[in-house]
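Spelled out from the first residue to the last, the chains are:
There are 2 protein chains.
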Amino acid sequence: MNDLRIVNHQITLVDQVEEKLLNYFKSNNLGPGDPIPKELELATALGVGRSVLREALSRLRMLGLIETRTRRGMLLAEPSLLRGMKRIVEPNMLSDKTLFNILGFRVALEIGMTEMIFQNINKAHIDDLEDIVKRGIVKKYSEYTPVTEYEFHTKLYEITGNSTIMEFQAIIRPVSVFLKERFKDYFLPINKELARTGKLVSHKDLLDFLRKGDKEGFRKGMIDHFGAYYTFLKHENHSEED
Amino acid sequence: MNDLRIVNHQITLVDQVEEKLLNYFKSNNLGPGDPIPKELELATALGVGRSVLREALSRLRMLGLIETRTRRGMLLAEPSLLRGMKRIVEPNMLSDKTLFNILGFRVALEIGMTEMIFQNINKAHIDDLEDIVKRGIVKKYSEYTPVTEYEFHTKLYEITGNSTIMEFQAIIRPVSVFLKERFKDYFLPINKELARTGKLVSHKDLLDFLRKGDKEGFRKGMIDHFGAYYTFLKHENHSEED
DNA sequence: TTATACGATTTGTCTTACAAATATAATTAT
DNA sequence: ATAATTATATTTGTAAGACAAATCGTATAA
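Protein sequences, first through last, are from chains A and B. If you read the first sequence in numbering that gives the first Met the number 0, its first letter stands for residue 0, the second for the next number, and so on. If you read the second sequence in numbering that gives the first Met the number 0, its first letter stands for residue 0, the second for the next number, and so on.
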């Protein structure tokens with residue numbers, strides 16, 4: 000029955016119990032708000048000790064799938080999609096490959112948001128962006144202050160009205176910041192050159208597209224705005240294939 | 000020192016220990032491959048029992064952050080970004096709002112991938128897509144067989160060369176499938192009408208853009224290909240605001 | 001009937017115990 | 001003396017028991 004033991008990298012009882020719990024919820028069509036049996040019942044039903052059962056429950060509790068109030072027992076709840084991810088997005092912990100992947104992910108997502116942005120944008124959004132851009136124009140070259148850089152892009156995410164996307168960007172943001180700093184010798188010269196030749200797409204330029212309702216201009220502008228990232232990722236991917 | 004107790008929704012010792020462990024790894028600059036102290040040391044250092052410590056470790060083990068081999072102790076490992084998410088993307092468990100958000104996320108991402116696709120695409124990719132498209136043209140109207148529908152889009156993700164994006168799409172795919180089925184009364188008529196008036200962008204059309212190297216055509220095609228989703232999401236968001 | 005107090009139940013935490021696995025030390029054989 | 005084997009110790013995985021804290025329900029008293 001239990002020939003899982005063969006596997007080398009040690010599938011523990013806790014792993015199995017966790018999976019069985021998920022299957023149990025699924026096959027019984029349990030969803031947010033539904034109560035689940037108490038610990039002792041679950042433990043005996045699954046034939047494991049309370050400690051093992053609790054370790055498995057603890058995992059699901061971390062994901063927000065289970066809520067528990069003392070004495071009243073446990074309830075299923077709507078889990079947080081990204082709570083697990085949030086804990087581990089730590090540049091130190093992730094390989095370069097993963098960091099590059101995340102950066103690529105972010106760029107694709109942000110450019111792909113264009114349709115949604117133009118579907119939802121209104122005057123208040125424009126005003127907010129205008130304020131951010133004004134406060135950002137202090138440094139000479141291509142660089143904004145990190146805070147307005149952050150605010151501008153966050154606002155764009157906000158305009159989509161998609162809270163999952165917003166949460167996602169907040170989590171992966173440190174990766175962009177980290178890579179930009181770590182590879183500044185790569186990015187700074189490129190952006191300076193773009194600024195010198197007038198090809199750099201600034202936040203102000205992007206805002207102008209939004210104001211004019213020029214969707215294609217905005218999309219193109221965003222792609223150019225991320226130009227340095229594209230060439231960076233292309234280069235890094237190739238250098239990894241060697 | 001520990002005034003966390005004030006919070007209502009019960010922050011347990013396990014929650015605190017989990018966070019302390021993450022902080023410990025971070026502040027000691029520990030990363031994949033580094034060994035960490037044994038359970039008893041950690042437990043006494045944190046002033047908690049082994050059971051609490053183990054519940055916290057179990058969570059991090061689930062995310063792949065910690066690997067452990069009996070007797071040899073525990074090592075840090077590169078965590079899986081999306082392993083936590085994978086367990087909970089279950090349409091039953093998620094609210095409609097979250098499901099819609101995920102669908103919007105997917106659409107934005109897939110359209111935003113255009114640049115990357117055109118950066119990486121080669122003859123072999125085109126051939127693969129051609130094969131998929133050929134096998135898909137069996138039904139009349141706008142509908143492909145689900146399997147080729149899946150294969151085509153998966154191939155697009157694959158062309159990006161970004162394994163994080165690929166993993167992500169594999170996880171959230173059930174949501175699109177689920178919504179398409181659940182709201183088929185909405186989607187089918189729209190697609191039929193588009194097909195009737197010749198405005199439906201098929202996989203074959205998209206492939207043609209790829210073959211011709213027509214990036215803007217492809218991007219536009221993708222947007223149209225997802226047209227029904229956009230109007231659906233727009234409609235659903237508005238109806239929620241009431 | 002309402003308010004208080006008591007008891008029962010369930011989760012949170014700690015402790016102890018033991019099995020399984022394996023690294024290290026000790027012992028034996030060549 | 002070196003290699004092979006055995007024994008020992010250590011560490012994680014699992015189980016079980018105990019108790020505190022919280023709270024729900026009930027019983028008792030005003």
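Think of the hints as simulated: they come from the structure by calculation, not from any bench. Any given hint might turn out to be false.
Repeated chains share a single entry, so a pair holds when one copy, or any two copies, can fit it.
To be verified - Subject to a maximum C-alpha distance of 20 Å in a straight line, what follows is the list of computed SDA-like cross-link-like pairs (lysine to any residue):
#, residue 1, residue 2
1, Lys37, Gln15
2, Lys133, Leu206
3, Lys203, Val132
4, Lys19, Glu77
5, Lys179, Asn236
6, Lys214, Glu114
7, Lys122, Arg70
8, Lys19, Phe231
9, Lys37, Arg181
Taking the hints in turn, this is what the structure says about them:
For the homomeric pair Lys37 and Gln15, the shortest alpha-carbon distance inside one copy (18 Å) is at most 20 Å, but the shortest distance between copies (24 Å) is not. Proximity of Lys133 and Leu206 under a CA criterion of 20 Å is satisfied intra-copy only: 11 Å inside one chain copy versus 43 Å between copies. Proximity of Lys203 to Val132 under the C-alpha cut-off of 20 Å is restricted to the intra-copy arrangement: shortest distance 6 Å within a copy versus 43 Å between copies. Taking CA atoms no more than 20 Å apart as the test, Lys19 paired with Glu77 passes inside one copy only; the shortest distance there is 19 Å, against 26 Å between copies.
In this homomeric assembly, Lys179 and Asn236 come within 20 Å of each other (Cα to Cα) only inside a single copy, at 16 Å, whereas the closest approach across copies is 35 Å. Within a single copy, Lys214 and Glu114 get their C-alpha atoms as close as 8 Å, and across copies as close as 17 Å, so both meet the 20 Å cut-off. Within a single copy, Lys122 and Arg70 get their C-alpha atoms no closer than 51 Å, and across copies no closer than 63 Å, so neither meets the 20 Å cut-off. Proximity of Lys19 and Phe231 under a CA criterion of 20 Å is satisfied in neither setting, with 44 Å inside one chain copy and 35 Å between copies.
In this assembly of identical chains, Lys37 and Arg181 lie within 20 Å of each other by CA distance neither inside one copy nor across copies; the values are 50 Å within and 33 Å between.
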